[in-house]
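Construct the entire structure; sequences and hints are all you get.
Keeping their order, the protein sequence lines are chains A and B. My numbering puts the first sequence at residues 12 to 536. My numbering puts the second sequence at residues 12 to 536.
Any given hint might turn out to be false.
Because identical chains share one entry, a pair is satisfied inside a single copy or across any pair of copies.
[Claimed, not checked] Below are the DSSO-like pairs computed for lysine-lysine, each with C-alpha atoms no more than 27 Å apart in a straight line:
#1 Lys458 x Lys515
#2 Lys515 x Lys47
#3 Lys417 x Lys511
#4 Lys515 x Lys417
#5 Lys515 x Lys153
#6 Lys33 x Lys458
#7 Lys101 x Lys321
#8 Lys521 x Lys417
#9 Lys47 x Lys521
#10 Lys321 x Lys47
#11 Lys417 x Lys17
#12 Lys511 x Lys101
#13 Lys458 x Lys511
#14 Lys248 x Lys153
What the hints contain is simulated information worked out from the structure, not anything from laboratory work.
Residues per chain, in single letters:
2 protein chains.
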Amino acid sequence: MSHSYKDLMATTAFSVLEQLPKIDDMSALLTGERVKGAQVSMAAGLTYNYAAKPVDGAHLGALQQVADEMELVAQYRSLLGGAEMNGGEKRKVLHHLTRGQLGATVNFNGRDLRHFYLEQQQRVAQFCQRVHSGEVRGASGKLFQHVCQVGIGGSDLGPRALYLALTGYANSRGLQRMRASFISNVDPDDAEQVLSSCDLETTLFILVSKSGTTQETLTNVALVRRALVQQGLDVAKHLVAVTSATSPLADNDEYLESFFIDDFVGGRYSATSAVGATVLSLTFGPTIFNEIIAGAHAQDRLALEADIHKNASLLDALLGVYERNCLGYAATAILPYSQALSRFPAHLQQLDMESNGKRVNRRGDVIDYATGPLVFGEPGTNGQHSFYQLLHQGSDIVPLQFIGFKHAQGSLDIDIDGSSSQEKLNANLVAQIVAFATGQGNEDPNKVFLGQRPASLIYGSVLTPQVLGALLAHFENKVMFQGFLWNINSFDQEGVQLGKLLTKQVLSKKINNEVLREYAQLMDV
Amino acid sequence: MSHSYKDLMATTAFSVLEQLPKIDDMSALLTGERVKGAQVSMAAGLTYNYAAKPVDGAHLGALQQVADEMELVAQYRSLLGGAEMNGGEKRKVLHHLTRGQLGATVNFNGRDLRHFYLEQQQRVAQFCQRVHSGEVRGASGKLFQHVCQVGIGGSDLGPRALYLALTGYANSRGLQRMRASFISNVDPDDAEQVLSSCDLETTLFILVSKSGTTQETLTNVALVRRALVQQGLDVAKHLVAVTSATSPLADNDEYLESFFIDDFVGGRYSATSAVGATVLSLTFGPTIFNEIIAGAHAQDRLALEADIHKNASLLDALLGVYERNCLGYAATAILPYSQALSRFPAHLQQLDMESNGKRVNRRGDVIDYATGPLVFGEPGTNGQHSFYQLLHQGSDIVPLQFIGFKHAQGSLDIDIDGSSSQEKLNANLVAQIVAFATGQGNEDPNKVFLGQRPASLIYGSVLTPQVLGALLAHFENKVMFQGFLWNINSFDQEGVQLGKLLTKQVLSKKINNEVLREYAQLMDV
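Here it is, written out as structure tokens:
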């Protein structure tokens, strides 16, 4: 890499930040005025509120200095412009380009890559039109009513989270075209459960593997093939592939159609590429998919702002680094008060932990400061009845990321005891933020709440496709900025290789390690 | 409480343990012999393997001393005998008694409580027989084919995890009697999604609330009622209640039937009481539910062993405390290599974090040592493609709890490249344990794996109902022993109260807190 980026700890601004007094009484900090003022506008009508974060003006000033000194937005611009920000793999990082053009044209091998991504999106849209109109049908002549995506990791978590997030929205507006299900795990019980609930004659399968060599996915597609053949159905009429143009799966007669991604869109960043486009356009129609894209693109544009008071993703990233590296908090909880976002925390878990769970900087030096936190979460109010006890009264402080919407997606609601379900949901949401931040004293030590648990809140009117796109892009960009801050490569995943290598040894019965051999014997493998 | 229990840090044995040298090279410790030897038999043919835990004979000796000095098994015996081990709430803790009698008879108000739990289980079984035979039918005369449980927290997570865990087992053996779905969140979009996929005429709803006052559940039941009424169906013919005998829901004409629990079974420990019995007996039949119970009871019995080499739950608890309080690890990942256990980590998250996320001991003193860890997880191999990067190469060490089975539940499998899906699954499992423990060097720092990531493995032949029961009881008992070790009350949940209180203020529009008022305004509530 020609440009040598600074480590966080080597910056002047970070040492200033570190030396500022910590906020040891959030009750004093958190006023009504602050709740109204500590906000940043996001795309699609969303707002990022950081009132319950343990920072005052001095901290914010220092965080701005960190952002400036580390040239975080300039690094983002380089990335947009096609610099090889995935240094280890010597690759560009272009998932933003799947949503629209924000910098200069990016060419590769003489090809305008924005054109390439757009072309794939349009090919998907045309294919959907043919499926929805009944021009393309199952082998027995029936209309396709069901899509089943076979993929794992980034080819599963993001698309699945987005699908679940919009099912209620689309259903209640009569916009849902097809149902979707997902097979991911190599455990054959996963495929069995899903296939047993599918009517194969009316099911279109999407095989998603960028490399075309993912063990789990190829194995599961073999199970799908066998099931189709057993029912006398022509496999090639029930299967489309999403893969890279150079993979063994590309332009293969065994598929109805192939849609392409390239090496510049990482799996965990691929929800807005053909990986997400295919299943989401089939289920909800290309218009809704375009709205997701538009929301993400608008949020990507806001991430260009150098001022942290105008750039929620940048500010969120900086606050997270302050909590991780100055306050020593090891985890972050994602708490959407929206059942539609039930698997969004699982997607963010991959996005964040696979991107920033690293211990070597971009120069190849081992670093001695903490990087990516542990990320987990469940929707509220369910989480309240599960792990919130520890968040309130446990030994460690876990910063909290709340997400909420004023209105439900659907129209099923009911007034009980003077309030609707949606009001109850949001009353719980705001009550929790305040309880976590300010706590409560009591004579009985068991009933004492120390407070001092920081939270931010992203809120909007209703979870529409645009809002969902903006939310997705916000977290992608937050994770990107944090990677820049820690000076790590957020776009590779060397940490998954050793397991693959040892798995191959076991399966090929060429184990050169006595310990592995004994473990394999325990499991009869 | 008459008996004054010691704090962990006040024991002689813990100071001995703390001063033992740490294992700083797991590669040297972990031999083939150790993999075969470091095992404890569990119930239902399961085995607990702790070979990849950073302890040698000296540590194990000291852990045994800790167990003895703190009288952990004696405390368990007291609990079984009906002592008020839920001190804050002055209650007995009797979930073990829902599985069988292990100590002397436990009476309350002149009543033998084993008899009470068994009676409820039998009432559930008789009711199921009437539903399955068609004697009890929906209001329009149709057979019930679908159960929908409405509950939250312990009335949802455990039963849901167990239902999902056995669906494949029951399906592939032709034993599934009814399908189940679950409504938990007060978000009206949750109920809308579930209800829109139900045929109400053939759906039996189970309302589960111990207190009979759970806001979320009562609100959701109101939505269910309205939906039934809108379809002209008699609500009382479609609704059963599981509640305490003293709750407003008990023996109410508005329900087809009520089944009872009492105050001595906490929500997160209620899966083997009527809370789990009703939905699991309806879906899989009372025989399968009895097998779950039998597995749990057998594991409860093993937890009476004073010798850590014969008591996996005790040893697991002690190893966890060693990792938490001597090695400083803040989290534990639950990694079942079984898609059927997809929501088992979510159940354990509640079980563990709600039980042991406390900072006050049983004498009411604030304690200064770490208690319950953060618990999270997803099934393998899915997790490998998500957060394992951080587990392998991130800044913090997270101990890992693997779970695996030699055989799949179903029969759908396929050989590809010389191995079945199940073999691939388990090859991945064992490869990961070894990769995490021993790591790998490399010239490129990005490809270095430090290893030293501890793991235990619980394994068995196949995930049957008995195995599932044993697994459930193992973790319940582990959490209980850890609570004894930290000298905290694992059976209350004071940490959920403040949020409830503030929620009420918001909903009643009687907010006496300017900060809360402003947050409420942001959300239009």
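Status of each hint after checking the structure:
1. In this assembly of identical chains, the alpha carbons of Lys458 and Lys515 lie at most 27 Å apart only when taken from different copies (18 Å versus 53 Å within one copy).
2. In this assembly of identical chains, the alpha carbons of Lys515 and Lys47 lie at most 27 Å apart only when taken from different copies (22 Å versus 56 Å within one copy).
3. Taking CA atoms no more than 27 Å apart as the test, Lys417 paired with Lys511 passes between copies only; the shortest distance there is 20 Å, against 45 Å inside one copy.
4. In this assembly of identical chains, Lys515 and Lys417 lie within 27 Å of each other by CA distance solely across copies; the values are 18 Å between and 50 Å within a copy.
5. In this assembly of identical chains, Lys515 and Lys153 lie within 27 Å of each other by CA distance neither inside one copy nor across copies; the values are 41 Å within and 53 Å between.
6. Taking the closest pair of Cα atoms, Lys33 and Lys458 come within 27 Å of each other only inside a single copy of the chain (26 Å); across copies the shortest separation is 37 Å, beyond that limit.
7. For the identical chains of this complex, Lys101 and Lys321 are neighbours neither inside a copy (32 Å) nor across copies (53 Å), given an alpha-carbon limit of 27 Å.
8. When the C-alpha separation of Lys521 and Lys417 is checked against a cutoff of 27 Å, the pair qualifies only between copies, where the shortest distance is 20 Å, while the shortest distance within a copy is 58 Å.
9. In this assembly of identical chains, the alpha carbons of Lys47 and Lys521 lie at most 27 Å apart only when taken from different copies (20 Å versus 63 Å within one copy).
10. When the C-alpha separation of Lys321 and Lys47 is checked against a cutoff of 27 Å, the pair qualifies only within one copy, where the shortest distance is 15 Å, while the shortest distance between copies is 59 Å.
11. In this homomeric assembly, Lys417 and Lys17 never come within 27 Å of each other (Cα to Cα): the closest approach is 42 Å inside a single copy and 49 Å across copies.
12. In this homomeric assembly, Lys511 and Lys101 come within 27 Å of each other (Cα to Cα) only inside a single copy, at 22 Å, whereas the closest approach across copies is 52 Å.
13. Only between protomers do Lys458 and Lys511 lie at most 27 Å apart by alpha-carbon distance; the minimum there is 13 Å, versus 48 Å within a single protomer.
14. For the homomeric pair Lys248 and Lys153, the shortest alpha-carbon distance inside one copy (11 Å) is at most 27 Å, but the shortest distance between copies (39 Å) is not.
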